[in-house]
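Chemist: Generate coordinates for the entire structure from the input sequences, incorporating the hints supplied.
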Amino acid sequence: MQLAILAGFVVAGLAPLLHRGFGARTPLLMAMLPAAFAVWLASLWPVLADGESLLLEWAWVPGLDITLTFLIDGLSWLFAMLITVIGTLVLVYAGEYLKGECDLPRFLVVITAFMMSMLGLVLADNLVALFVFWELTSITSYLLIGFHHTDPVARKSAQQGLFVTVGGGLALLAGFVMLAQAGDSWSLAVLNERGGQLTGHELYTPMLLCILIGAFTKSAQFPFHFWLPNAMAAPTPVSAYLHSATMVKAGVYLLARLHPALGGTELWEVTLSLVGAVTMLTGAFLAIRSINIKLLLAYSTVMALGTLTMLLGLGTEGALVAFVVFLLAHSLYKGALFMVAGIVDHETGTKDVTAMGGLRRVMPRTAVVACVASLSLAGLPPLLGFLGKELMLKSVLAADHYGGLILLLAFTGAFLTLAVATIVLLKPFFGPRVETPKTPHEAPAGMLVGPALLAALSLLFGLAPGTLDTLVEVTVNGLGAVEANVHLALWHGINLPLLLSMASLVLGLLVFRYWDGVRRRLAWLDPLIHRGPERGYEKLMAGMVWVAEWQTRCLQNGYVRNYLVMTLLVLLGLVGHALLVRHPLDIEMSIDAYFHEVVVAGLMIAGALAACVMRSRLAAVAAVGIMGFSIALIFVLFSAPDLAITQLLVETLTVVLLVLVLFRLPRFATLSAPAERWRDLVVAGSFGTLMTLLMLSVLNGERLPRISDYMVANSQPLAHGHNIVNVILVDFRALDTLGEMFVLALAAIGVHAMLRFHAAEYDAGHGQSGRRGNNG
Amino acid sequence: MESLMAVTIGVLFATAIYMMLRRSIVKLVIGLMLLSNAANLLIFSMAGMVRGAPPLVPKGLSAPAGAVADPLPQALVLTAIVIAFGVLSFAVVLVRRAWEVVRADDLDRMKDTDT
Amino acid sequence: MVRSGTLILSVAARLLLPLQLLFSVFLLLRGHDEPGGGFIAGLVASGAFTLYFFAYGRGALSKMLKVSPRDLVAMGLLFGVLSTLPAWWMGEPFFTSQWWTIPVIDFKASTPLIFDIGVYLAVVGSVLTAITALVDTDHADDSRD
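Residue numbers (the working numbering), protein chains in the order written: chain A, 1 to 776; chain B, 1 to 115; chain C, 1 to 145.
Since the hints were derived computationally from the structure, they do not count as laboratory data.
Owing to the predicted nature of the structure, the values given are computational and were not obtained by experimental measurement.
Keep in mind that the hints are not guaranteed to be accurate.
[To be verified] List of simulated lysine to any residue pairs, SDA-like, C-alpha gap at most 25 Å: (1) K59(B) <-> W99(C); (2) K66(C) <-> D136(C); (3) K59(B) <-> K66(C); (4) K108(C) <-> L61(B); (5) K59(B) <-> P35(C); (6) K59(B) <-> L14(A); (7) K59(B) <-> I707(A); (8) K63(C) <-> V656(A); (9) K108(C) <-> S36(B); (10) K108(C) <-> P641(A); (11) K108(C) <-> S3(B); (12) K59(B) <-> L29(C); (13) K438(A) <-> G349(A); (14) K99(A) <-> L29(A); (15) K108(C) <-> G91(C); (16) K59(B) <-> H720(A); (17) K394(A) <-> G349(A).
Modeler: So this is what it looks like as structure tokens:
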């Protein structure tokens with residue numbers, strides 16, 4: 001499975017090649033990938049239905065206890081299923097939506113990579129692996145929001161989404177580290193069994209707050225909600241997939257996943273339920289304020305995410321059941337509605353709901369789909385959305401903390417959602433026919449199949465909620481509730497939730513009736529809940545740029561010497577302080593050298609000093625050469641044959657290199673004033689003294705056990721090599737050597753590029769050297 | 001011997017820093033060479049200097065008979081020598097390019113990005 | 001600046017090149033057991049090629065090498081990375097060394113050896129890239145001045 005996901009990334013990379021071969025049919029081909037995953041997941045269902053969960057283990061970095069183990073239980077199965085099924089439909093839809101787009105291959109690469117990251121995220125059992133996938137979704141989402149990269153608005157939104165989610169990601173990483181420390185494991189499956197140990201731990205509060213920031217930024221909770229509507233700059237298939245059905249649910253997923261480990265405390269319940277409820281209300285108000293169909297849907301997504309967070313915060317068995325049902329219902333109808341919005345936009349050429357109407361006559365099939373999906377959004381029977389809303393209201397009524405406040409917020413959210421649903425449905429599709437920039441036609445089959453299927457599922461599950469019983473039960477059990485016994489049904493008799501539902505229906509319709517007036521009246525809320533957080537973000541970014549400019553002006557003023565002197569003084573200060581003050585300086589000088597060794601050391605010193613005072617370039621190079629060869633001698637004398645050979649060879653090549661270049665370079669000139677030279681002499685002298693003292697005190701210090709003892713002892717038995725130095729290079733520490741090979745390669749490429757650029761400049765015939773070229 | 005090397009290394013570092021603080025770009029390159037040599041020597045001698053016991057396992061044995069020189073700093077220094085050569089060639093070419101474009105030997109005249 | 005061709009240099013380069021290359025391969029192969037190894041062998045080989053290059057010029061060198069030095073760097077990196085994969089195949093952590101004995105000549109082949117060959121190629125490639133690039137632009141300047 002792990003390999004399959006990694007292979008998915010490879011397939012993503014192959015999309016441009018496929019596109020060359022299959023052209024416009026490539027998206028259909030790529031859709032096979034998530035479809036195959038969906039089939040595989042479906043085949044696991046019988047095991048999960050028995051209440052088992054699967055742990056697919058695969059060591060990744062065993063030395064650091066990082067594994068790529070996948071945990072498949074009800075919760076991750078549900079998410080993975082949504083990701084793959086909606087992913088398949090979105091790819092089919094995108095094939096039609098982006099037909100003729102020249103960047104289609106790029107789109108396919110990124111969205112497939114996103115799909116795989118998201119799948120990895122929900123299946124990962126190890127915190128590190130989960131975090132890696134988490135960040136991958138942020139990055140791919142950035143690329144998708146900025147898909148129309150020539151549009152400055154899209155670029156800005158993409159950047160905003162990236163900063164907010166990745167910034168939250170940093171907090172999340174800190175939270176994960178604390179979590180792993182407190183729980184003494186990186187595995188989610190293990191951590192979830194140690195709930196008591198974690199909630200009682202002294203790090204619990206900081207750890208929870210860090211994780212919450214990560215989850216809230218990802219799932220666009222108040223006050224981080226502002227990036228999600230801006231992300232609507234992405235092509236509609238992306239909005240349908242990332243910003244409604246999958247990525248924004250990653251935060252919610254994480255909270256649900258950690259619910260058994262971290263949930264159940266008052267801090268958890270109060271924070272989650274209040275933030276969730278506030279987000280819900282914010283989203284609902286902002287949705288009412290919008291006239292852009294995609295924005296309407298985006299804000300209603302913010303609202304739904306708030307609802308989900310709130311339900312997790314309540315944490316009772318009923319709330320968790322509501323969570324699962326609402327999650328499923330939302331993914332189905334929101335995916336469908338976004339795709340419908342895409343169709344409407346595509347066919348009419350506008351996103352403004354007030355500028356369209358009567359579309360049901362020209363696109364009847366789309367209208368039917370829109371009808372079903374938005375009734376589910378509105379929470380009307382017999383759709384799955386109704387079920388979700390009923391369960392939500394029921395669990396809110398049973399809330400422990402701040403029950404009244406949350407109920408008020410939830411009820412307001414519910415009737416505003418109903419108003420949004422009516423706006424999305426009635427404005428474009430009913431009423432008198434309005435002229436639009438493009439003449440609309442019925443959507444092609446490829447674009448209709450996705451939303452139609454999702455809407456059909458909403459209806460099906462709504463009519464026969466019993467089919468979901470096992471799924472919900474398995475998922476809720478995974479969320480840490482006691483053995484839940486779930487029986488979903490549409491009709492519960494006349495009770496309080498039903499009455500609230502009916503009240504919200506009436507209020508919602510009223511809001512719709514007086515929408516224009518309501519919208520204008522609500523304008524005063526804008527600065528508070530919309531502009532406010534976003535302005536804060538902008539101020540923060542501007543402040544960062546200002547600080548960066550200020551410190552660049554101060555520290556990086558363009559004089560190489562100043563950089564060096566500053567670095568050296570800091571080093572001198574810190575190391576000198578540690579050396580002289582923190583530890584008593586304990587130095588023992590002992591000269592136990594043979595005469596010839598002293599001569600070699602003297603040669604080195606002489607060579608180095610001569611290199612400084614020589615007035616001729618060649619003499620200076622020769623002096624450095626003498627020093628280099630003396631070092632080779634030291635290596636010979638002190639048991640380092642490999643080093644001696646290397647040093648000799650490199651010295652020789654260095655001389656060749658310098659001779660090639662040196663005479664193209666200016667002669668030495670005395671540029672500094674005497675005072676400057678004295679200053680430099682003092683800095684250099686004190687640095688040299690520091691190094692000498694440092695080395696002497698290290699030599700006299702306590703010797704810690706050497707790691708090389710292991711290498712000496714195991715070089716032959718383990719690595720079958722007699723030359724220990726070479727064994728270290730190519731076996732024990734081969735990864736380091738690989739890195740060094742890359743450094744060499746980079747240096748070579750750098751050299752080549754600089755000289756190539758030079759030649760190109762001559763060809764172009766501009767710049768100073770270019771002019772010389774033309775004259776010559 | 002280590003004490004003697006400590007003094008030598010100190011002098012090497014001092015000369016390297018002095019040369020790197022000059023305004024002439026060619027002197028900067030020479031300073032760089034001195035610095036990398038000094039650093040290599042520092043790592044090498046810090047681990048203790050042993051005469052006549054190279055870190056080799058004799059044929060037929062599975063571990064060296066007696067104490068040998070520490071192989072780890074040797075491995076570090078070996079790659080460092082080669083990398084230093086790569087970096088030096090990069091620096092030399094950079095200096096040469098800079099000289100060709102700016103025609104100035106003085107680092108103080110190269111402080112703007114657009115000259 | 002560099003003129004190809006005094007007689008002694010040409011003859012020496014032609015005679016020394018095969019010897020030096022042979023020596024470098026020798027150093028490479030014995031590196032695991034005695035002083036030598038990829039870095040040293042690579043430097044010896046680059047020295048040999050540099051000498052040949054000064055004696056006969058760029059054209060002769062590229063004719064002999066068949067590939068550009070930059071491609072050697074890339075090949076070196078590729079060998080380095082490839083040598084990490086067999087362990088994966090065997091189900092062991094990335095980079096674990098694998099040993100095979102080739103029957104007839106009783107030669108120990110191993111992933112560290114492949115890795116060392118990668119080091120060798122990367123070193124030869126980078127050194128030659130630097131030196132040929134410098135000389136190339138010298139010639140460009142000379143022909144223009």
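Chemist: None of the hints should be skipped; say for each whether it holds.
Modeler: Hint check:
no. : hint                : in the structure
1   : K59(B) <-> W99(C)   : holds (19 Å)
2   : K66(C) <-> D136(C)  : holds (17 Å)
3   : K59(B) <-> K66(C)   : violated (39 Å)
4   : K108(C) <-> L61(B)  : holds (18 Å)
5   : K59(B) <-> P35(C)   : holds (13 Å)
6   : K59(B) <-> L14(A)   : violated (51 Å)
7   : K59(B) <-> I707(A)  : holds (23 Å)
8   : K63(C) <-> V656(A)  : holds (22 Å)
9   : K108(C) <-> S36(B)  : violated (36 Å)
10  : K108(C) <-> P641(A) : holds (24 Å)
11  : K108(C) <-> S3(B)   : violated (44 Å)
12  : K59(B) <-> L29(C)   : holds (16 Å)
13  : K438(A) <-> G349(A) : holds (5 Å)
14  : K99(A) <-> L29(A)   : holds (15 Å)
15  : K108(C) <-> G91(C)  : holds (21 Å)
16  : K59(B) <-> H720(A)  : holds (11 Å)
17  : K394(A) <-> G349(A) : violated (42 Å)
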